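J.: Spelled out from the first residue to the last, the chains are:
2 protein chains.
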Amino acid sequence: MLKSVGIIAEYNPFHNGHKYQIDMAKKQTNADLAVVIMSGNWVQRGQPAILDKWTRAQMALKNGADMVIELPIKSAVQPADIFAKHAVNILTELGCNYLSFGSENPNLDFDSLKDLKLDDSNNFKDYSKSYPELIQELIKKKTGQVIDQPNDILALNYYIANRNNNNAMQLVPIKRIESQHHAKELNENSQYTSASSIRSKLINNDLGEISHYIPNMLSDNQLDNVVTWDDFWPLLKYKIITTDVDELSQIYQMSEGLQYRLKKYIVQADSFEEFLDLIKTKRYTYPRLQRLLVYTLLNWKQNDSASKEYVRILGFNKLGRSYLKQVKDNLSIPLVAKVNKNLSENELELDVTAGRLYGNVHSQEQDFGKVPIIYNF
Amino acid sequence: MLKSVGIIAEYNPFHNGHKYQIDMAKKQTNADLAVVIMSGNWVQRGQPAILDKWTRAQMALKNGADMVIELPIKSAVQPADIFAKHAVNILTELGCNYLSFGSENPNLDFDSLKDLKLDDSNNFKDYSKSYPELIQELIKKKTGQVIDQPNDILALNYYIANRNNNNAMQLVPIKRIESQHHAKELNENSQYTSASSIRSKLINNDLGEISHYIPNMLSDNQLDNVVTWDDFWPLLKYKIITTDVDELSQIYQMSEGLQYRLKKYIVQADSFEEFLDLIKTKRYTYPRLQRLLVYTLLNWKQNDSASKEYVRILGFNKLGRSYLKQVKDNLSIPLVAKVNKNLSENELELDVTAGRLYGNVHSQEQDFGKVPIIYNF
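Residue numbers (this note's numbering), protein chains in the order written: chain A, 21 to 397; chain B, 21 to 397.
No lab work stands behind these hints: they were computed from the structure.
One should not assume that every hint holds.
[Claimed, not checked] With a straight-line Cα cutoff of 25 Å, these simulated PhoX-like cross-link-like pairs (lysine-lysine) come out:
1. K390/B with K284/A
2. K47/B with K82/B
3. K321/A with K321/B
4. K221/A with K82/A
5. K328/B with K283/A
6. K283/B with K361/A
7. K134/B with K160/B
8. K361/B with K283/A
[To be verified] Computed beta-carbon distance windows for the label pairs:
9. D297/A with V265/B: 33 to 39 Å
10. D290/B with Q270/A: 27 to 33 Å
11. L154/B with Q270/A: 38 to 44 Å
12. E365/A with N225/B: 40 to 46 Å
13. L154/B with E365/A: 34 to 40 Å
14. Q288/A with Y151/B: 39 to 45 Å
15. K302/B with K348/A: 47 to 53 Å
16. N50/A with Q288/B: 48 to 54 Å
Computed from a prediction, not measured in an experiment: that's the story for all the values here.
Just so you know, even glycine gets a beta-carbon here, dropped at the ideal spot from N, CA and C.
All chains should be modelled from the sequences, with the hints used to inform the complete structure.
T.: Structure follows, in structure tokens:
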């Protein structure tokens with residue numbers, strides 16, 4: 021029986037820090053293989069992935085991942101708790117023995133925090149602060165621990181989700197090498213830097229500079245098709261101009277009043293960034309608003325059915341294939357290797373729409389006719 | 021009391037034939053002035069106007085029109101009967117004494133045809149033919165007259181609409197100079213040519229060649245901002261990709277089944293023209309389908325309120341202003357000289373959306389802050 025360590029990732033894009041984390045996860049757990057569940061073409065903070073999911077999956081397979089599966093979009097473009105819950109559930113379904121993840125402070129006592137009751141709505145009535153800020157204050161008040169770093173927040177949510185699955189996986193935090201998660205500047209004295217700083221360089225097509233930070237680079241050709249929100253700005257503008265406030269209010273997570281802000285500011289803004297700044301308030305974080313704009317762009321409705329979990333294979337190597345054979349008969353959720361018409365009109369409808377939209381910009385079909393990457397056989 | 025002749029037009033774009041028609045209309049009726057009601061930025065056959073409404077209104081004012089008003093979009097982008105009805109109603113509201121129009125065969129006995137009953141739905145069950153074809157066959161069967169030219173069909177509808185208004189205006193057909201309405205080639209031996217042929221030249225920016233066919237040309241600068249369906253193709257594609265068949269079926273005039281054709285073929289087509297050819301069937305004419313795609317693009321819903329008539333002033337000269345003073349107290353429909361927030365959220369909502377969409381491509385705001393053109397004072 022092969023033993024596996026699960027990794028929840030976005031790889032936006034893949035870099036040396038990610039390779040380090042895969043290597044350490046395998047080493048610390050002594051697992052036979054690493055199973056990666058990765059966001060598709062739209063990522064958790066409400067942005068299109070800088071490189072498409074196939075390119076990112078291939079980068080991971082080249083650097084230690086043995087199987088890469090896609091986190092469904094209805095689970096991926098979500099706040100940390102929902103993102104974590106579905107990713108943990110799917111890895112649990114796949115029988116992973118361990119879940120390993122980066123953390124800014126792996127010595128935090130996540131285990132003691134996972135049973136904390138936070139959900140009294142009275143705790144969230146201060147409208148001058150964002151929801152994540154209020155959560156952090158509450159944890160500090162109740163436990164004295166400070167959880168204010170993005171990976172720590174995710175980690176806490178992994179513990180909670182895993183507890184809800186009877187602690188099916190053993191959780192293995194690994195200290196992140198660089199702590200400035202969103203630093204825009206490359207750190208030239210290190211082989212590690214933030215994904216944000218690499219994205220900036222990709223946008224400017226400075227491929228030479230970033231090769232220092234990305235292991236086993238793909239061809240320039242594959243790194244060429246960079247996608248950003250700017251590519252979708254004319255479509256978003258069109259969508260908001262042609263949709264009245266009543267119809268906008270039917271979009272998923274369109275809270276009371278936000279539809280009026282969108283309608284009001286869309287005619288003033290000349291770029292996505294400008295629009296985002298115009299609609300920003302203290303109450304809503306940038307990721308919250310960016311996700312809302314993804315929902316709007318995709319026409320994702322309040323009453324769309326909730327996320328259905330499934331195992332969508334993006335790629336594997338020999339070890340990954342053996343593991344898949346070992347576990348597939350025990351799966352209680354669908355296994356998807358190829359998107360067909362039926363799937364595209366049912367479980368995967370929003371994923372296919374999201375992929376088609378991304379593919380139009382990226383100029384490559386993302387789902388139909390695509391088969392899993394078979395790496396290094 | 022000033023006497024006026026009404027003209028229903030699109031001027032897409034204005035050319036020598038249009039000037040001839042205005043001159044002849046004034047001459048034959050001996051009216052003091054010509055009042056033109058013109059489609060705005062989207063025209064009857066379901067296309068964006070090649071030049072925006074302000075440019076086209078100015079061309080008309082330079083060439084004999086004394087007042088130009090806009091036919092509301094909900095009346096303009098419609099089959100001939102609805103287009104004619106609202107245009108005739110608004111000119112009647114404005115107290116026009118005459119209605120003059122071009123006709124391929126002005127000697128047809130339109131008056132005898134206007135009471136013909138055509139609306140037995142049993143007459144329209146041959147799905148191998150388009151609706152206009154069936155109408156033409158029916159008229160021929162009942163009266164022996166052949167009405168198969170676009171301006172004659174409009175003319176018949178003017179007679180019917182005018183009859184329904186107790187023949188308030190005297191109708192004055194004028195023989196059209198050139199008969200090949202949709203000819204793509206310029207006719208170099210004449211100063212008259214089709215609007216289609218001029219559009220082709222405008223798209224290729226051959227301004228020199230077309231100056232022969234356009235009286236009192238505007239500056240090259242004004243003729244530079246040419247708009248075609250191709251400009252909206254990425255938005256239409258986005259719209260159809262992100263809208264499911266149930267939601268598409270709520271679009272105005274989306275007959276049973278057409279939504280499936282749109283969804284099916286949108287992923288195959290690489291251009292608007294290709295898409296239009298893919299969805300074409302014998303039952304539906306190109307204009308019918310193009311109008312449907314305008315409705316889809318504008319998110320114009322089945323249950324949107326019907327067209328409200330109003331008088332939207334695009335421009336006038338001194339005579340036009342005097343006439344407006346003479347008639348405005350008798351208007352039973354709103355007079356709109358400037359679009360404000362209230363109008364843009366109510367009567368003019370779809371017009372403003374349509375203008376904004378057009379203006380985004382054309383790079384000039386079409387409604388807010390615009391005031392009527394005051395010509396040659």
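J.: It remains to establish, for every hint, whether it holds in the given structure.
T.: Hint by hint, here is what the structure shows:
{"no.": "1", "hint": "K390/B with K284/A", "in the structure": "holds, 19 Å"}
{"no.": "2", "hint": "K47/B with K82/B", "in the structure": "holds, 18 Å"}
{"no.": "3", "hint": "K321/A with K321/B", "in the structure": "holds, 18 Å"}
{"no.": "4", "hint": "K221/A with K82/A", "in the structure": "holds, 21 Å"}
{"no.": "5", "hint": "K328/B with K283/A", "in the structure": "holds, 24 Å"}
{"no.": "6", "hint": "K283/B with K361/A", "in the structure": "holds, 12 Å"}
{"no.": "7", "hint": "K134/B with K160/B", "in the structure": "holds, 14 Å"}
{"no.": "8", "hint": "K361/B with K283/A", "in the structure": "holds, 12 Å"}
{"no.": "9", "hint": "D297/A with V265/B: 33 to 39 Å", "in the structure": "holds, 37 Å"}
{"no.": "10", "hint": "D290/B with Q270/A: 27 to 33 Å", "in the structure": "holds, 32 Å"}
{"no.": "11", "hint": "L154/B with Q270/A: 38 to 44 Å", "in the structure": "holds, 39 Å"}
{"no.": "12", "hint": "E365/A with N225/B: 40 to 46 Å", "in the structure": "holds, 44 Å"}
{"no.": "13", "hint": "L154/B with E365/A: 34 to 40 Å", "in the structure": "holds, 35 Å"}
{"no.": "14", "hint": "Q288/A with Y151/B: 39 to 45 Å", "in the structure": "holds, 43 Å"}
{"no.": "15", "hint": "K302/B with K348/A: 47 to 53 Å", "in the structure": "holds, 50 Å"}
{"no.": "16", "hint": "N50/A with Q288/B: 48 to 54 Å", "in the structure": "holds, 51 Å"}
Checked against the numbered hints listed earlier, the structure breaks none of them; every hint is satisfied.
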